[in-house]
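Visitor: This is what each chain is made of:
Protein chains: 2
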Amino acid sequence: MTNAPPGAFTLRATSGTARRGTLELAHGTVETPAFMPVGTAATVKGLTPRDLREIGVNIILANTYHLWLRPGRDTIVAAGGLHRFMGWDRPILTDSGGFQVFSLESRRDIDEDGVTFRSHIDGSSHRFTPENVVAFQEDLGVDIAMMLDECIKLPATSEAVAASVARTSAWARRAASAWRHGATALFGIMQGGVDERARAKSAADLVALDLPGYAIGGLSVGETRDEMVRLARFSAALLPTDKPRYLMGVGTVRDVIAAVDCGIDMFDCVYPTRSGRHGRAMTRSGDLNLRNAAFTRDFGPIDEDCRCEVCALFSRAYISHLFRANELLGMRLLSYHNIFILDALMADARRAIEADAWAAFRDRIGAV
Amino acid sequence: MTNAPPGAFTLRATSGTARRGTLELAHGTVETPAFMPVGTAATVKGLTPRDLREIGVNIILANTYHLWLRPGRDTIVAAGGLHRFMGWDRPILTDSGGFQVFSLESRRDIDEDGVTFRSHIDGSSHRFTPENVVAFQEDLGVDIAMMLDECIKLPATSEAVAASVARTSAWARRAASAWRHGATALFGIMQGGVDERARAKSAADLVALDLPGYAIGGLSVGETRDEMVRLARFSAALLPTDKPRYLMGVGTVRDVIAAVDCGIDMFDCVYPTRSGRHGRAMTRSGDLNLRNAAFTRDFGPIDEDCRCEVCALFSRAYISHLFRANELLGMRLLSYHNIFILDALMADARRAIEADAWAAFRDRIGAV
Chain A
1 MTNAPPGAFT LRATSGTARR GTLELAHGTV ETPAFMPVGT AATVKGLTPR DLREIGVNII
61 LANTYHLWLR PGRDTIVAAG GLHRFMGWDR PILTDSGGFQ VFSLESRRDI DEDGVTFRSH
121 IDGSSHRFTP ENVVAFQEDL GVDIAMMLDE CIKLPATSEA VAASVARTSA WARRAASAWR
181 HGATALFGIM QGGVDERARA KSAADLVALD LPGYAIGGLS VGETRDEMVR LARFSAALLP
241 TDKPRYLMGV GTVRDVIAAV DCGIDMFDCV YPTRSGRHGR AMTRSGDLNL RNAAFTRDFG
301 PIDEDCRCEV CALFSRAYIS HLFRANELLG MRLLSYHNIF ILDALMADAR RAIEADAWAA
361 FRDRIGAV
Chain B
1 MTNAPPGAFT LRATSGTARR GTLELAHGTV ETPAFMPVGT AATVKGLTPR DLREIGVNII
61 LANTYHLWLR PGRDTIVAAG GLHRFMGWDR PILTDSGGFQ VFSLESRRDI DEDGVTFRSH
121 IDGSSHRFTP ENVVAFQEDL GVDIAMMLDE CIKLPATSEA VAASVARTSA WARRAASAWR
181 HGATALFGIM QGGVDERARA KSAADLVALD LPGYAIGGLS VGETRDEMVR LARFSAALLP
241 TDKPRYLMGV GTVRDVIAAV DCGIDMFDCV YPTRSGRHGR AMTRSGDLNL RNAAFTRDFG
301 PIDEDCRCEV CALFSRAYIS HLFRANELLG MRLLSYHNIF ILDALMADAR RAIEADAWAA
361 FRDRIGAV
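Read top to bottom, the protein sequences are chains A and B. Using my numbering, you'd call the opening residue of the first sequence number 1 and step up by one each time. Using my numbering, you'd call the opening residue of the second sequence number 1 and step up by one each time.
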């Protein structure tokens, strides 16, 4: 740790548009580009903090919406903060819950001041405002808090997109005013759908607030992959070079490589753990569905080139058996392996950028 | 490893009727009394071989019935045996599948030669004989194979009990003849319900075969706990002192202590993992249901005296949260903790017997 303020970002190298940086946070340093495994409810599903440390993970994501409802602020504060509660001592970023609340559709009611919604667990009523969402995350003691944004579904009319940008910008100003400037860094979230003018307006409004970092939100929500990549590239270029850029909801091998190529520094996605729980094993050359009969007598590892503990000890046939027998261990092993694959991919990407060899690395993966 | 034949047992110490021994097997030495976690389908549910090694587990149990049906003999043999298939290099005992097949009731048809049954998975027809069940387990390369027995439900008439003993003895003679006397040791299984004369007859028939070890079967199947303890004590006394004694299906703190007090050396039970998956945390002074509201703000460990990794890092409140949120990690953590509790209890029991202080230890646990 240095004496830099939490959220201080140093751009160490570039190769083409790909960036290699260091992000200093209250609970440690994150080397970027970095993939952040998702621990929605204060647990990366099926894995322990020790597993994540062994994989090499330096930052995880949790979710304001879920933690607000269960176990709630008071329990986590009484536990000594989210890190203590879940036994993880490295950085945590919490999403704002905006995406989750807006996904509730019929069960939420938005107004200028905030959004009222009913819990998916017990139907109880709750209210998010730009201010209380920042305060909640600060009370949890996380390293990076995300502002409350309005994330609309695509396709949407340009009027709806412009309105969501205007509201998100207004909320960003309120979030920035409420932010305590303490150990928790605050990131803004750009909206604007697939409309370049709306993206530019959103970026300009957020950058004017001089926040520690900026996320690109509102993608991977219904647009095509080509649109996603085009908008991610366009959006990244609107952001200052000296601040970290976070593309929300991206986590396949192809998409992460494409995002790094767009100049993005951070990503998160449930894909590695969710697909792992369903029997899908990630590799750099594509996913394997280990439930397929083809794997029942395949005694090789998931991936010959993978250096994870799962590939060292277990065969495709064994993991296939675990899924056929509905055994818990299968979900655990593939969640571990899939996160390892993305973490190792990012480590190699960082080395490639440092060596100014990004384009060759990207093309070898063949993903953009 | 010494040059003793697989299954060689040395009685190291006694304290009252409790026994402290060493069992030498093809994949290592087991210090007894020992609790064997259950890995029915070639996995101790939710845990890796590394977890089990870290806990200190030296022998696990798997099940012939389940492995016969899925993934089947040929897959496991092609993998290089059950140890290689599941990544576990310490001893494995496989149950014979007798208990599971007889539990199928309407889906099995028993005759003098064996039992024909339909798979609970796909309805396909299969047949177990005393010979093919031993051969299957030897083909898998396990350390201890169990003979096929006829396990009847209690209460039962004395005629039914006598018939099951007669059939079990006949099958034991056939199993002993079929046994290759290789790396896999063969254990007999005593039957006889709660009928002392039937137990004595079953024991005499099995002991005449001079097998490497003897199990006490047919208990924990409908009788009261008092009957179970009485019959376990009576049955153990019928067995030779120089062979290991295995009480099948016992695995609560109280029952394991009672069984050691009866002169039993080995136990297995799904209780620690099954109860763990349902939110029950074991301690020496009783179980805690971590789903109870009382634990949602309890930031202490499951058990102040437990030295396991779960108790070192996580609170009752956090694990309670995991169960409320239906998170996989809760099942994993309690399975780990519960096996640790029984494994540490057996380590302490071994020390107490060595010090000829068993009665004081037993009474401190307060379990018999």
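Calculated from the structure, these hints are not laboratory results. It cannot be assumed that every hint is accurate.
Since copy identity is lost for identical chains, a pair holds within one copy or between any two.
[Said to hold, decoys possible] Distance condition first, Cα-Cα at most 25 Å in a straight line; then the derived SDA-like pairs of lysine to any residue:
1. 201 to 359
2. 153 to 14
3. 153 to 207
4. 153 to 90
5. 45 to 280
6. 201 to 54
7. 45 to 166
8. 45 to 301
9. 45 to 278
10. 201 to 13
11. 45 to 297
12. 45 to 139
13. 201 to 284
14. 45 to 312
15. 45 to 326
16. 45 to 229
17. 45 to 324
Visitor: Using 25 Å as the alpha carbon limit, work out where residue 45 and residue 312 are close: within a copy, between copies, both or neither.
Guide: both (22 Å within a copy, 20 Å between copies)
Visitor: First find the shortest C-alpha distance between residue 45 and residue 301 inside one copy, then the shortest across copies, and answer within, between, both or neither for a cut-off of 25 Å.
Guide: both (23 Å within a copy, 21 Å between copies)
Visitor: Are the CA atoms of residue 45 and residue 297 at most 25 Å apart within a copy, between copies, both, or neither?
Guide: Cα proximity of residue 45 and residue 297: across copies only (22 Å, versus 28 Å in one copy).
Visitor: Cα distance capped at 25 Å. Does residue 45 pair with residue 280 within a copy, between copies, both, or neither?
Guide: Classified as both; 15 Å inside a copy, 20 Å across copies.
Visitor: At 25 Å max between alpha carbons, let me know whether residue 45 reaches residue 278 within a copy, between copies, both or neither.
Guide: Both. Shortest intra-copy (13 Å) and inter-copy (17 Å) distances satisfy the 25 Å Cα cut-off.
Visitor: For residue 201 vs residue 284, is the C-alpha pair at or below 25 Å within one copy, between two copies, both, or neither?
Guide: So residue 201 and residue 284 fail the 25 Å test inside a copy (36 Å) and across (63 Å) alike.
Visitor: Classify it for me, residue 45 with residue 166: is the Cα-Cα distance of at most 25 Å met within a copy, between copies, both or neither?
Guide: neither (36 Å within a copy, 51 Å between copies)
Visitor: Within a copy, between copies, both or neither: which one fits residue 153 and residue 207 at a CA-CA cutoff of 25 Å?
Guide: This pair counts as within: shortest intra-copy Cα distance 24 Å, inter-copy 74 Å.
Visitor: As a check of your reading, is residue 45 near residue 229 (CA-CA no more than 25 Å) within one copy, between copies, both or neither?
Guide: Cα proximity of residue 45 and residue 229: none, with 28 Å in one copy and 41 Å across.
Visitor: 25 Å Cα cut-off: does residue 45 pair with residue 139 within a copy, between copies, both or neither?
Guide: Answer is within; shortest intra-copy Cα gap is 24 Å, inter-copy 37 Å.
Visitor: Check residue 201 against residue 13 for me: Cα-Cα at most 25 Å, and say if that holds within a copy, between copies, both or neither.
Guide: The answer is neither: 28 Å in one copy and 81 Å across copies each exceed 25 Å.
Visitor: Could you figure out if residue 45 and residue 324 sit no more than 25 Å apart (CA to CA) within one copy, between two copies, both or neither?
Guide: Classified as both: same-chain Cα gap 20 Å, cross-chain 14 Å, threshold 25 Å.
Of the numbered hints listed earlier, those contradicted by the structure are 1, 2, 4, 6, 7, 10, 13 and 16.
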